[in-house]
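Hey, can you work out the whole structure from these sequences and the hints?
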Amino acid sequence: MDEIVTEFLIESYENLDRLDRDFVAIEKNPSAEALGSIFRAIHTIKGTCGFLGLGKLESVTHVGESLLSLLRDGTLQVSPKIIDALLAMVDAVRQMLASIEANGHEGERNDSALIETLRSLQKLDEASAVTVPPSTAPLPSPAIFRESAAKAQRISPAANTKNETPRAPEPAAPLVPPEGPKFGEMLINQRQIALEEIDHALEQQAKGDPRRIGEILVQQGAINPTEVLETLQSQGESRAAVADSTIRVDVGLLDRLMNLVGELVLSRNQIMQFAATHEDSTFIATTQHLNLVTGELQEGVMKTRMQPIGNVWNRFPRVVRDLAVACGKQVRVEMAGAETELDRTIIEAIKDPMTHLVRNSVDHGIESPQDRIAAGKPAEGRLYLRAYHEGGQVNIEISDDGGGINPEKIRAKALQKGIITAEQAGRMSEREMVNLIFLPGFTTAAMVTTLSGRGVGMDVVKTNIEKIGGNVDVQSRLGVGTSLKVKIPLTLAIIPALMVIMGKQRYAIPQVSLLELVRLDGELARKGVEMIHGAPVYRLRGRLLPLVYLSREFKLPARQLVEDGNINIVVLQADGRQFGLVVDGISDSKDIVVKPLGKHLKGLPVFSGATIMGDGRVALILDVIGISQSANVVADGRERGMAEAAAPSQDLHSERQALLLCQCGHDRIAVPLAVVARLEQFVSADIERSGGREVVQYRGEIMPLVRLASDESAGGEENETESLQVVVYRDRGRSVGLVVDQIMDIVEELVTVKSDYQRGNFMGTAVVQGRVTDILDVRAAIESVDPNYLAHAEAA
Amino acid sequence: MKDVKQLATFYLDGQLFGVEVSQVQEVIRYQEMTPVPQAPAVVAGLINLRGQIVTALDLRRRLKLPERAADRLPMNVVVRTDDEAVSLLVDEIGDVLEVAQDAFERPPETLIGEARELIRGAYKLENRLLLVLDTNKVIGLS
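Chains as they are written, first to last, in the numbering used here: chain A, 1 to 796; chain B, 1 to 142.
Just so you know, not all the hints are guaranteed correct.
As the list claims (entries may be wrong) - 25 Å max Cα-Cα, derived BS3-like pairs, lysine-lysine:
#	chain 1	residue 1	chain 2	residue 2
1	B	124	B	5
2	B	64	A	602
3	A	28	A	123
4	A	555	A	602
5	A	28	A	377
6	A	504	A	590
7	A	351	A	602
8	A	28	A	81
9	A	467	A	485
10	A	487	A	467
11	A	599	B	137
12	A	599	B	64
13	A	555	A	599
14	B	137	A	602
15	A	555	B	64
In case anyone wonders, no lab produced these hints; they're calculated from the structure.
See the structure below:
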């Protein structure tokens, strides 16, 4: 396609995306700024398509522009009817653009009805026109080229409105893009032409002369063509100066760059591995430098692929408006954190699930105005979208102040559909019941409307979000509202993964699905695995964990367990179900670059991709959901429902807590597992000092260490090779290492914390596994070493 | 000038095969492969081709020829299709041959089964036959 046309399309799409939001905004509050912005967008499209000879597009945008100019001047008041017509115009423009993109022309279409509507709305103004007080100075006329050069030169539009329209609630924004001087203005300034001549030409344009100012002037002999060209050029230059700080880059190029960085990361890993066996200090120093630079480059390139989530949200006000109008509801959309950035592949992937959730909130969540008033709420419902970063993930919340989900209704429906049994229903908490809406075949709508529930249920939303390594949770209070929380990773291209060994091969397991590792030695290995009629299970903290043998799934010869003497279980989570994957060995964890599999292997559900290891060999990435399905851990919806119901409540407000037990000197301490990012081991030689604190280099950053042991047992006598057990705590992208003497176990118990003994870094004491244990307050422990560290992390 | 084609040739179970040179990206010696559990039998594994992960297909299996002796390492003929590169495992690499179009003949009716779909025909060389494969069909899984 012609380069100019392509650019026109890109620019127009961008403008249109902004428009939807602006339109909905002006319906609520017709600010001059939003009107000006809409006007400019349509004007730009009209101008360019005239130039490109796109007649149909031009005629539609032309009437739209005229209507908009009346709105902007305040001659006409914004009404829902007008907004409807303008939105219809935007849709028509979008269709034509799509057709131009696909076929190179605007398509066979007849927009005369739309044009007529837009035109009649302009005429309507005589009847319903607002009387403009004589004191109000006329705003500058609409089109950039029609704007009187004289006025523009003598008084700036902004000053004009400020001084002479005290009635206006907010001063009108400058109506032309502030970045460029106007063509006529420039000609006058250069003394090439008299003011009258420009005014004359502008008048002619206003009468419908399609020619541009320059053309009219040249034909009248007022100016010669070279001067016009020169002026246009310098006009372009002064505009370009503003645009210099950003450039458009083809997404394909960014993807290629990302791939190359992936290669570089792999080569770096190989060199690092190689360097570890060498003693040449120059080589090691160079390698470390390469490591740093690669890390920064990776981060930088990832950033270029980041897009604000607002790009997806932009269309929501429009979606909500249309839906609300169709259901006779009033809904206000509020957003926070629209600037939160995500990798573009993820932005693409969450578009549809997010739209579905928003539709659902309006359709099923928010009540009709009558019901709301009867319930003592404002007639207008509120839909609140919030996004923020947390622990290397992005959280997105979609909340409404609607009727909430009635757990009783859900229960009745689940019973009726046979998803759960009456006995299970009796045992379920409200929260668990509400989460039943994510099961396949469940539709909460009492009445399926045309707008939501288009065959896509919440189960599909859940599956799609889980596909990209995220999860979704719903919380609801009857009569108060519903909140959906979606957690998704920042990027898909490079992910942290655990490498496991199976037979002669290594496989990567994405860290997001990993819960914990269990190793059974000696006696336990022989007796730990029990059978339920042939199905192996392991008792993990009193709960039966189904086991899946990877060797069996992959049809590899089974290893002689007794001989080797141990069993490695990787505890994974898929679709809300936990299972243990039995592998031959656990290697290490590292960041891997995800590469797609060729089309011959696309159909395999157990692999999600492949990666290249430090030694150059290829390792397959396990698809945890795929494996759980192929091993029947997650069967159909019915069983899932039962399984979920049977699992003990993971509810936050229940007092069951997972704790990491450690030994520190003579003390037993427990760290809430929820705040533990990783467990690491360092040798004393790794410890360096910075600003009087102990630090280690960890994953390309400098991590401060906090010693939890009491003073007398810490420091001093340890030698260079002694290993340190470190519990890594991570908050907002910064890590802190808590040094303990020994990591003992992970337990999940009902814990009653007695805070009478609260002291320093501990929030209290509890009896865990029958022994007195101090419960660590992680933040207090970190603050005791560096009071500013967390504050910095928050500021960052 | 007569219609001439360039074919990259290789051996499989003693027979001479060829694919169009324009479709061959490169020929490389044996590479270590990562086997793919649960994959179709024709997929021999994955190789790392300068950072790109390429699926290797065992041409003997594809053409239903007897298995290669365990001590013989195959060579890779990497062919490029529209969307990806695929490696074809062969016994040995032959020369690039120029063949005249008038030496071509369609396979006889007696050639039956899947091989008929994959073998476009034969070029009658002086002392032997060169069987031409339809690369797209060989790569495409039926």
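Here is how each hint holds up against the structure:
1. B:124 <-> B:5: At roughly 13 Å apart (the allowed maximum being 25 Å), residue 5 (chain B) and residue 124 (chain B) satisfy the hint.
2. B:64 <-> A:602: It holds: about 23 Å lies between the C-alpha atoms, which stays within 25 Å.
3. A:28 <-> A:123: holds (23 Å)
4. A:555 <-> A:602: With a Cα-Cα distance of about 19 Å, the restraint between residue 555 (chain A) and residue 602 (chain A) holds, given a limit of 25 Å.
5. A:28 <-> A:377: holds (19 Å)
6. A:504 <-> A:590: holds (19 Å)
7. A:351 <-> A:602: Roughly 23 Å separates the two Cα atoms, so the pair holds.
8. A:28 <-> A:81: Holds, at about 13 Å.
9. A:467 <-> A:485: holds (16 Å)
10. A:487 <-> A:467: holds (12 Å)
11. A:599 <-> B:137: Measuring from Cα to Cα gives roughly 14 Å; hence the hint holds.
12. A:599 <-> B:64: holds (21 Å)
13. A:555 <-> A:599: Distance of about 22 Å is within 25 Å: holds.
14. B:137 <-> A:602: holds (18 Å)
15. A:555 <-> B:64: holds (23 Å)
Checked against the numbered hints above, the structure breaks none of them.
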